[in-house]
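> Listed here are the chains, written in short residue letters.
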Amino acid sequence: MRRFVADLHVHTVLSPCAAVEMTPRNIVWHAARHGIDIVAITDHNAGDNVPAALAAAKGTDVTVLPGMEVETKEEVHLVVLFEKLRQLFAWEEIVAAHRSGRMNDPDKFGAQFVVDAEDNLVAVKEEMLLASLTLSLKETCDKVNALGGLVIASHVDRPAYSVLSQLGFIPPGLALTAVEVSRRVARADAARRFPAIGGLPVVTASDAHMIEDFLAGPKVAFNLEEPTLAEIRQALYNENSRGVVL
Amino acid sequence: MTVNDLVSSLPLTVVAGHDRLTAPVTGGYVSDLLSNVMGFAAPGNVWVTMQGHQNIVAVASLAGLAAVVVAGGAAPEPETVAKAEAEGVVLLTSPLTSFELVGQLYRSGVKGQ
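Residue numbers (the UniProt record's numbering), protein chains in the order written: chain D, 1 to 246; chain U, 1 to 113.
Bound conformation, chain D alone:
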């Protein structure tokens, strides 16, 4: 068992609001040099840059988790994470069928770049990613869980796009694995400051859109045998001697 530092919420150049320096290769390069063992790639409503991140991490000690930051029809942001790329691909198909149909305006919102593991431009994503899907919060949680993934409610302390701002409280029976708080709240204070979190595990993550934020932003450390999503899930619930280390 050893300690793994994880950042479970990182945006790449595919997110219109992210800096161009946020290429998968550059993120992995910085992770390797700054002791960040696990990085989840979580772009808005798309996963096109995950394959490049996985390729860039080959031969390094960095583990990349396939993920996405989903915006539900209630305008709630959720970090969804998968163990395997094929699970993300299956999820991307569901997402594609639930987009608004609007196209991105790069001048207003920023460009959405798909790149390879060597920072080469592969494509410009035309669909508007910064928009709500037609999937509800519950549908998203249920479908991600059915694919074997897990769902973390993004930045629940923030006044916008969080399950608490949009819906007031976490609906009972929702298949959420954990909640995330932003850098503004210490993990240890989260449950006291936001009682609506209830008994759910709390993580912090950088939600980085720039390398500087990726390096300086909050992370979470886990005690794990292997850096896998299955073990992270156990750690969040203190199972099999896995756990979250402050």
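A hint or two may mislead.
[Stated by the list, open to error] 30 Å max Cα-Cα, derived BS3-like pairs, lysine-lysine:
no., chain 1, residue 1, chain 2, residue 2
1, U, K83, D, K143
2, D, K138, U, K83
3, D, K143, D, K84
4, U, K111, U, K83
[What the hints assert, rightly or not] One side of the interface only, derived from the structure: several residues of chain U facing chain D at Cβ under 7 Å:
no., residue
5, L34
6, M38
7, N55
8, V59
Derived by calculation from the structure, the hints in this document are not laboratory data.
Remember, predicted model here, so these are calculated numbers, not experimental data.
Positions of the beta carbon are idealized from the N, C-alpha and C atoms, including for glycine.
Using the hints, position chain U against chain D.
Quick look at chain U alone, frame taken from chain D:
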């Protein structure tokens, strides 16, 4: 003024809570952020929103609202309707946008607060 007065004069459809339409209306509130509604809507208000999530029922119940209107032609989720029936919350829908509906409510005498 009661909920029934509004239903009979404006494009509103009763989806749940048919037996509670005699509730007096004290004023109105409009927001799609439920955290905000919990803090600012007053008892007896009619609340106009685009959110069709089942949490709107709990918020209406908590705040003691006279009715919730899901506007813009949006359909409340099936769980929302069932929950509203179970908890005795008046749930209405309207094809009008929130803006247009609030304008018509205001003209009918429903003010803020």
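> If a hint holds in the structure, say so; if it doesn't, say that too.
So, going through the hints one by one against the coordinates:
| no. | hint | in the structure |
| --- | --- | --- |
| 1 | U/K83 - D/K143 | holds, 23 Å |
| 2 | D/K138 - U/K83 | holds, 15 Å |
| 3 | D/K143 - D/K84 | holds, 15 Å |
| 4 | U/K111 - U/K83 | holds, 28 Å |
| 5 | L34 | holds, 3 Å |
| 6 | M38 | holds, 5 Å |
| 7 | N55 | holds, 4 Å |
| 8 | V59 | holds, 5 Å |
The structure meets every hint from the earlier list without exception.
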